[in-house]
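Read top to bottom, the protein sequences are chains A and B. Position one of the first sequence corresponds to residue 1 (my numbering), numbered consecutively onward. Position one of the second sequence corresponds to residue 102 (my numbering), numbered consecutively onward.
These are computed hints drawn from the structure, not numbers from a lab. Small disclaimer: the values here were computed from a predicted structure and weren't measured. Backbone N, C-alpha and C fix where the C-beta goes; we use that ideal spot for every residue, glycine too. Wrong hints could be hidden among the right ones.
Facing chain A, according to a computed beta carbon distance under 8 Å, are these residues of chain B, among others [as the list claims (entries may be wrong)]:
1) Gln122
2) Ala126
3) Ala141
4) Ala145
5) Leu147
6) Ile149
7) Gly152
8) Ile153
9) Thr178
10) Leu179
11) Val189
12) Leu190
13) Leu284
14) Phe295
15) Ser298
16) Leu302
List of simulated lysine to aspartate or glutamate pairs, EDC-like, C-alpha gap at most 16 Å [said to hold, decoys possible]:
17) Lys130/B <-> Asp120/B
18) Lys74/A <-> Asp121/B
19) Lys74/A <-> Glu231/B
Chain A is nowhere near these chain B residues, computed Cβ spacing over 12 Å in every case [what the hints assert, rightly or not]:
20) Lys130
21) Arg200
22) Tyr222
23) Ile229
24) Arg230
25) Gly236
26) Leu263
Residue strings, one per chain:
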Amino acid sequence: MAVETGAGARTNRREYLFVFLALAGLTALELTVIRLPGIGRSSMIAALVVLATSKATLIGLFFMHLRYETRILKLTVLIPLLAPPGYALALIADATWRLMR
Amino acid sequence: MSSSTAQFGHAHEVAWPTDDQYGAATPGKIGMWIFLISDAFSFAGLLIGYGILRAGHPVWRQVGEPALGVTFTAGLTLLLICSSVTNVLGYAAAVEGKRRQAAALLAATSLLGAAFLFGQYREYSGLIREGLVFGQSARASIFYVITSFHGLHVLIGVVYILAVLLAYVRGRAGPRQIELLGLFWCFVDFVWIFVFSFLYLLP
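If we strip away everything but chain B, and leave its shape as in the complex, we get:
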């Protein structure tokens, strides 16, 4: 153990006492879950708002507005699913002490997240060009509010991954930090499943 390791006492090297109710879950993990639940409520509020708006408009898609690209977005969905897999595989590698593999998988996760954001940028560009402009209809506004709120989460997730990756490479983070990161990243995927189904797939 290096002197800096001893000084900072990495979380993954400390044996956390088990709790009767929460087992081996650390306060960090419980805190992350509580944050994710509150964040889920933000998305739920937006999706319920979408449902209310949609139910209140007999004609949801205005004349001249483009349809959403379901096939293209299904590709973006696959990107997010792949990124969740690389994330959990990276966590598994970190738990097994395969540091290089873990770092490579985390880097792949961030790249997939960045690819998702690029895809969303391309989608927005195309939709705006075709006439789906924020503020011009309820459909357009709620679409951009929900998808950009999710996109913000992806952006924060990519930055979070890069920060943890850097700390991991420097020996300042371990499996526990990667697990917390994984909770956030998989939550982004979790939420997208509902956004994709309700905004893109519902007729």
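Chain A on its own, in the form it takes in the complex:
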């Protein structure tokens, strides 16, 4: 049951439990991926990044209640968090370019 208080707080027990199951399932999937026979290194890294990002998104949206915040607050959080992956991609691109030179 979802509960909304006058202070703007929202809670939803069923949603919390669903997210918990999803997080446990995604963790089990991660453990499966690293044990898959014949999976390439790049594919494994891509799969792990997607799975980790999915788990982090679930926590941010539902456990940290970002889902219920205003668009401005969501963007206040999201935009800075895009910077580290951007730096990482720039470094990977630089390293790849040096290797191919």
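Assemble the complex: chain A is given as a structure, and chain B must be docked to it using the hints.
Okay, now just chain B, sitting in the frame of chain A:
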């Protein structure tokens, strides 16, 4: 309302005016988010440093160094996920005015956090005994730097939970304080997801 309540004016009893941009988010919540973003950059810097070190070492795992215990750490990951759930359920109970349930769930959260720290201590003991010693290789050093930095956050989180729990039981804290605590605690879980994936799962 008790006289002390009237004197201190608990945050959860004050109707905070809504803002056009930030809705009902209090300055405390916005401040916590800004702190968490800056803290996320600390972890991101460490993880990017890990990536650079790893890319610069053709042989990452030195001869004689042990492998990291993926299954054991997956158990620790599950502990943290469970603690996030007890935390948000505790917040829900506090919002619904179920004080005993909220206090019990917060106590469970702190216990799960303490169990995580104990597990990390056991992991460190085993790894050091098997030859993964700080300073002896890039792999060992960056592993201990990142996981201990995260462990420090868990320790601070456990102390923070106990402080809020004590204040809640004494009637000096309410759902708003528990929500801020929840933001910090879930952030610890949020960060661990990436630490677990990159340090433990990457081949």
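So, going through the hints one by one against the coordinates:
no., hint, result
1, Gln122, "holds, 4 Å"
2, Ala126, "holds, 6 Å"
3, Ala141, "holds, 6 Å"
4, Ala145, "holds, 3 Å"
5, Leu147, "violated, 10 Å"
6, Ile149, "holds, 6 Å"
7, Gly152, "holds, 7 Å"
8, Ile153, "holds, 7 Å"
9, Thr178, "holds, 6 Å"
10, Leu179, "holds, 7 Å"
11, Val189, "holds, 5 Å"
12, Leu190, "holds, 6 Å"
13, Leu284, "holds, 6 Å"
14, Phe295, "holds, 6 Å"
15, Ser298, "holds, 4 Å"
16, Leu302, "holds, 5 Å"
17, Lys130/B <-> Asp120/B, "holds, 13 Å"
18, Lys74/A <-> Asp121/B, "holds, 14 Å"
19, Lys74/A <-> Glu231/B, "violated, 45 Å"
20, Lys130, "violated, 8 Å"
21, Arg200, "holds, 15 Å"
22, Tyr222, "holds, 22 Å"
23, Ile229, "holds, 24 Å"
24, Arg230, "holds, 25 Å"
25, Gly236, "holds, 25 Å"
26, Leu263, "holds, 20 Å"
Violated hints for the displayed structure, listed by number in ascending order: 5, 19 and 20.
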